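Given next are the chains, with one letter for each unit.
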Amino acid sequence: MKKKLLVGLLSAAMLSTMLTACGSDKKNAGTDESGKKELNVAALEGGYGKDMYNEVIKAFEEENPDVKVNLTISKSIEDEITPNMKAGKYPDLMVLGQGRAAGLTESLIKDKSIEDVSDVLDMTVPGEDVKVKDKLIDGIVGNLNTNPYGDDKTYLMPMYYAPTGLVYDQHLLAENNWEVPATFDEFFKLGDEAKAKGIDLFTYPTAGYMDSYFFAILANVGGLDFYDDVMTYEKDIWKSDKAKEILDDTAKLLSQYTAKSTVGNANEQDFTKNQQSILDNKTIFMPNGTWIVGEMADAPRSDGFEWGLMPLPAVNEGDTRYITTSVESAWIPSEAKNIDLAKEFMAFLYSDKAAEIFAKSNAIQPITGITDKIEGETKAFYEIYNEEGVEALVGGFASTAPVEGVNIKETLFDSANSIISGDKTVEQWQEELNAASEKLSEAKE
Amino acid sequence: MKRNHSKRKKSNLRFIILCTAPALLAYIVFMIVPTINVFRMSLFKWSGFSANKQFVGLDNFKILLDDQNFIRAFQNTVLLLVVVTSVTIVLALLLAAIMSTSRAKGKNLYRFIIFIPNILSVVVIAAIFSAIYDQEHGLLNGLLNLLHLSSWKHMWLGDQKIIIFSVAAAMVWQSVGYYMVMYTSSIANVPDSLYESAALDGATQSKQFFSITLPLIWQNIRSSLTFYIISSINLSFVLIKAMTGGGPDGASEVLLSYMYKQAYTNSSYGYGMAIGVVIFLFSFLLSLIVNQVTKRETLQY
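Protein chains in written order, with the numbering used here: chain A, 1 to 445; chain B, 446 to 746.
Don't take each hint at face value.
Result set (DSSO-like, lysine-lysine): computed pairs, CA atoms no more than 30 Å apart in a straight line [what the hints assert, rightly or not]:
1. A:K444 with B:K498
2. A:K444 with B:K550
3. A:K379 with A:K360
Everything labelled a hint here was simulated from the structure, so no lab data went into it.
Computed from a prediction, not measured in an experiment: that's the story for all the values here.
Assemble the whole structure, with the sequences as input and the hints as a guide.
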């Protein structure tokens, strides 16, 4: 009898430890034991590092002694927070942009699970007497990147912005007395001259990097209205003459002027080999952004190498050239527990104090006058906004309800691989884009 | 006395139930429930996060039939399954037969070397093969250069018609050692006397292999076929994720990687689960068919 009892007790103990192990997570309440309000912030640890977040949080806590901010930060932040999110525990504020492989921000946008933060724009920056919206650069809010549904409600606040364009070695061009091309004619002419020297004109790390190229060329050839039509899946937009012109020119660039080794290296494992070909002066241009400097900092390079960044050349001379600008976002999940406090913190992120801390780590916020404070190699990159006939372009495809099996970004960008290898014709490409655009248009409501 | 006996039986039963309960519970919680969930979720349209799940019946499966990318992923999976299994099984049997019959020196060293790839992480294998397949400085193209076979050179990971075979080669390299060891041990169980008497009767080595070895280890080969199916499906996913990312332009996409893409990066969780159901049924049915087709009378030694 005693034995039986023991066995029963033992297995009961085992069961209960098993069960409690599953459910012993700390309760996510708004306040902790000492009565302080708690704010949970999750951020992507990008190329800027994580120290700047710790400093900004410290500054915020100094001004708000009754608040304790918990920071979750990681290079793969999606993997760390999604299990909790699926269990209903959401962070109060996220700093995470679109265009990540995991697509968490996009998923929540598609779900309409992001809080409307339009009122943050009208809030006064803590400790200052300006409103948030008056500090921001013109045109940085109100595009599809901040207002993903194409209306006048802002859901994502722009955090750091960085120009992307074609990066190259300034020294290589100077050495050969080559001008930086401003039009596609000059671009191709340079390609012919370079080919004679055994240098290719163009490459890309992976096809995904072609986003910066495609957005810029769409706006350059068709103007901003056309660009918006493409991004919002206007009917038959890919069948238009302008779209055809863009695809034809791109196909010419890809099939005649792109390094043949590009496709074989355009994968997760080998993409740095494509980037290295720029450093080795085997290829002149590739689409990329300011982060490339840090990313390839330790890579060997040709003598005198100096990074340069240029906006995509104009297809037709005289048209405005665009710099696809990548913008990280700060946003609040609808399911967050402390939405008001999160909004306050959000406003604080635009204070001079915070901006200065961010800028020290080269994280440049879209705040008027901040570019004067940048120094070093980064400064050269941001100067391209001051070039004549050049404008910033923010945005990306409009969000729709998810459509199974359709991903227009993949159809647009990844096809570059097939164009180079000749596995797809321009007509097939156009047809596929049209079909994908059509399906997404239906899902847009 | 009798009463006592039945009481004992009863308490035995209770003890057995108590002992197996934790494991059974874990099995239900971690295996059965998730599997049922996969089937259930495949009937919903759900992004993976929101509380808003919409029941769509078999719609996800209807979309699958029209999805060219899915069909290509399916073809790639079947191709890998057939190529990898048939090449690996022949190589592994051959090596196993050689290892157990020949008296070559350093046999153990060879066995060790051939087995090593199996304990490597797949990510390491991806890195090794990306170095082998590199277009300019790669081992393979370098070797072809050396042999003056430049016309055979290819962009092993850039050519859409070749890439799936490049992946297959890496998978064969990884798994051949494992199956070789498995077959070697079953060959070792075949009594030497059989071979001795066969040799006295004048049977050649290859005759011995086909008439004695193969029939006697048939049961082992049969069960390893199921492993081939499971491991090809799983391994191809990890390898493709690390090595090609499904590219170029989807040319090396396999079922699991496509499922992952749809469920986690295209906000179509329900659709991804529908692909999961297809994979489950496919591997289940295939194993069943293979098992039935290869059924032979069990031979004893």
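Hints, verified against the model:
no. : hint               : result
1   : A:K444 with B:K498 : holds, 18 Å
2   : A:K444 with B:K550 : violated, 70 Å
3   : A:K379 with A:K360 : holds, 12 Å
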